[in-house]
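Visitor: Turn these sequences into a full structure, and let the hints steer you where they fit.
Given next are the chains, with one letter for each unit.
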Amino acid sequence: MRAFGYDIDELVISHVLLALVPVLVGLVVAVPLGWWAHRSPGARRVLVPLSGALYTIPSLALIVFIPILVGTPILSPLNVGLTLVIYTVALLVRSVAEALDAVPVTVTTAAVAVGYRPTGLFLGVQLPLAVPVLTAGIRVASVSAFSLVTVGALVGVQSLGTLMTDGFQQAYPAMVAAGIIGSIVLAFVFDALWLALGRALTPWVRARTGV
Amino acid sequence: MIEFRDVGKRFADGTVGLESLSLTAREGEITVLVGPSGCGKTTSLRTVNRMVEPTSGSVLLAGKDVAEGDPALLRRGIGYVIQQAGLFPHRRVLDNVATVPVLQGLPRKEARARAAEVLERVGLDATMAQRWPAQLSGGQQQRVGVARALAGDAPVLLMDEPFSAVDPVVRVELQDELLRLQADLGKTILFVTHDIDEAIRLGDRVAVLRVGGRLAQFAPPDELLAHPADEFVSGFVGRDRGYRRLGFVPATALHLTELPTRADANGDSGVPGEWTVLLDGAERPAAWLGPDGVRHELGSVYVTEGGAEGVTAASEAAGTLRGALDAALSSPAGRGVAVDREGRFRGGVAPDDVLALLRPDPVR
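One line per chain: the protein sequences are A and B, in this order. Heads up: the first sequence at position 141 corresponds to 141 in this note's numbering, and the numbers run straight through without jumps. Heads up: the second sequence at position 282 corresponds to 282 in this note's numbering, and the numbers run straight through without jumps.
None of these hints come from the bench; they were simulated from the model. Hints are not guaranteed to be accurate.
[To be verified] Computed spacing ranges between beta-carbons, pair by pair:
{"#": "1", "chain 1": "B", "residue 1": "Met1", "chain 2": "A", "residue 2": "Ser40", "range": "38 to 46 Å"}
{"#": "2", "chain 1": "A", "residue 1": "Phe188", "chain 2": "B", "residue 2": "Gln104", "range": "46 to 54 Å"}
{"#": "3", "chain 1": "B", "residue 1": "Pro155", "chain 2": "A", "residue 2": "Val28", "range": "41 to 49 Å"}
{"#": "4", "chain 1": "B", "residue 1": "Gly38", "chain 2": "A", "residue 2": "Ser40", "range": "53 to 61 Å"}
{"#": "5", "chain 1": "B", "residue 1": "Gly69", "chain 2": "A", "residue 2": "Gly42", "range": "29 to 37 Å"}
{"#": "6", "chain 1": "B", "residue 1": "Ala12", "chain 2": "A", "residue 2": "Ala192", "range": "31 to 39 Å"}
{"#": "7", "chain 1": "B", "residue 1": "Glu297", "chain 2": "A", "residue 2": "Pro132", "range": "53 to 61 Å"}
{"#": "8", "chain 1": "A", "residue 1": "Phe188", "chain 2": "B", "residue 2": "Gly69", "range": "25 to 33 Å"}
{"#": "9", "chain 1": "B", "residue 1": "Gly14", "chain 2": "A", "residue 2": "Ser40", "range": "15 to 23 Å"}
{"#": "10", "chain 1": "B", "residue 1": "His296", "chain 2": "A", "residue 2": "Pro132", "range": "42 to 50 Å"}
{"#": "11", "chain 1": "A", "residue 1": "Asp191", "chain 2": "B", "residue 2": "Ala12", "range": "29 to 37 Å"}
[Stated by the list, open to error] If the Cβ cut is set under 7 Å, some of the chain A residues that face chain B in the computed set are:
{"#": "12", "residue": "Val114"}
{"#": "13", "residue": "Arg117"}
{"#": "14", "residue": "Pro118"}
{"#": "15", "residue": "Gly156"}
{"#": "16", "residue": "Ala196"}
All C-beta atoms, glycine included, are put in the ideal place defined by N, C-alpha and C.
Guide: Now the structure itself:
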């Protein structure tokens, strides 16, 4: 589909990839950090405030500083991706720790008592039971990433944000509006997908009422 | 056999969980650890499967020090039932029970088949197998917890206040169920509770612990009731220990009295001026007929010998002075009705005869 002289499909695909991949990578990074914070009060005292502080860094500043820190080309989409990974990790470390805290002690005690080793306990019992709380965290991170990815347009990284910046320069409000509405719709669609995935992974949560 | 040898546990913060515990839980018996909170009963239980590592002494399981080898493998060979069941909420009942066989390396299909057998054994029907734990009542969850502990086919079971979170009626049901299972399976069970009644009901031997895990007394229940070692034990065992002890005193010396009977369950004419027992066609007592010709309920009957079908209050007290005295006291006629294990009328129980057996001390 073309509109305003742009290939919209391409912008949408780029927007989705730039937002989704960092959320997934961020999740993979946040899980072990969150587990560490759950296990060790000392680690938690450092990790949780630190991740909170990371989230307060302005996105544009990160996008500009990352090439200096890691040596990526100044206009690379990687800078936007890494920025979003940082935000995702910042949001999810606390989520993961709290999701693991929410697993009842009787359940983890029983798991240890029947002979689970630490890895099996984490993958087989704690992580599945953390899914409901974790899903809530991922949804916030996802909505945030789908909105922040538009900032990349300022440094020339293609997304629906491109319609906003270029529409602004061309004094073309309909194009700006299309960019805004498009990114909101994408954020909602993926929010719904996370919600659906979270529900699909936790059939036992709704079983209470279904006796 | 589980053997505690001078087991001590001092926690990192300096509190003493266990001073120095030495006791042996015999093969095929239920050994109960009972005591007030803070007496270290759960701590001592957990030293057996190394969820707590003792700071001194050792625990031997079938003659082998549990400290040697892999704790995860040790735990897979010991059934564990926790308070509030501790079921995995994200696994269906069947898969909860199949947990240990799966960990032991059994293919999932065989593990589930084994789980289904065990579920049946603890009295849960097949429709329960596909439910989520949250869809079960507290009592059912606890049965699943017991099933999960049995599914690994471990010879040893550790039970940590398994029935304390359910209401008293269900608790008694679960206790009966455990006694029934134990009669079949003959496991070596270490059972922790703070409830002395439960301890006396279930234990072959009962260890009373005081704060700090010091053993106050370790004895079979009747001895605990008859001869508490000190004031702490007698205080813990409670005021009516004399009456409860009757449940452990055999009534073999009790002679039954003659009672007038009529072989007509619905009859309305008895022996004039006397209480008469109405019997049905199978010689089973149906009701009392008062001297005034009015029917009365039987009250509790005294079963003269143990081994009656099903565990009921009457069969539990069967053949003991407690059953006999209860029958005598609950009868409207001032005398109890005694039956054999098939429920056939055997005679009457006079309260005085029961009391005579208690004077001065018939047991020892």
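Visitor: Take the hints in turn and mark each one as holding or not.
Guide: Structure-based check of all given hints:
1. Met1(B) to Ser40(A): 38 to 46 Å: holds, 39 Å
2. Phe188(A) to Gln104(B): 46 to 54 Å: Because 47 Å falls inside the window, the suggested range holds.
3. Pro155(B) to Val28(A): 41 to 49 Å: For Pro155(B) and Val28(A) the Cβ distance comes to about 43 Å; the hint holds.
4. Gly38(B) to Ser40(A): 53 to 61 Å: violated, 28 Å
5. Gly69(B) to Gly42(A): 29 to 37 Å: holds, 31 Å
6. Ala12(B) to Ala192(A): 31 to 39 Å: violated, 48 Å
7. Glu297(B) to Pro132(A): 53 to 61 Å: holds, 55 Å
8. Phe188(A) to Gly69(B): 25 to 33 Å: Since Phe188(A) and Gly69(B) have Cβ atoms about 55 Å apart, the given range 25 to 33 Å is violated.
9. Gly14(B) to Ser40(A): 15 to 23 Å: Distance hint for Gly14(B), Ser40(A) holds at roughly 22 Å.
10. His296(B) to Pro132(A): 42 to 50 Å: violated, 60 Å
11. Asp191(A) to Ala12(B): 29 to 37 Å: At 45 Å between Cβs, range violated.
12. Val114: holds, 5 Å
13. Arg117: holds, 5 Å
14. Pro118: Hint violated; Pro118(A) Cβ to chain B Cβ min 9 Å, cut 7 Å.
15. Gly156: violated, 46 Å
16. Ala196: violated, 18 Å
Hints 4, 6, 8, 10, 11, 14, 15, 16 from the earlier list are contradicted by this structure; the remaining hints agree with it.
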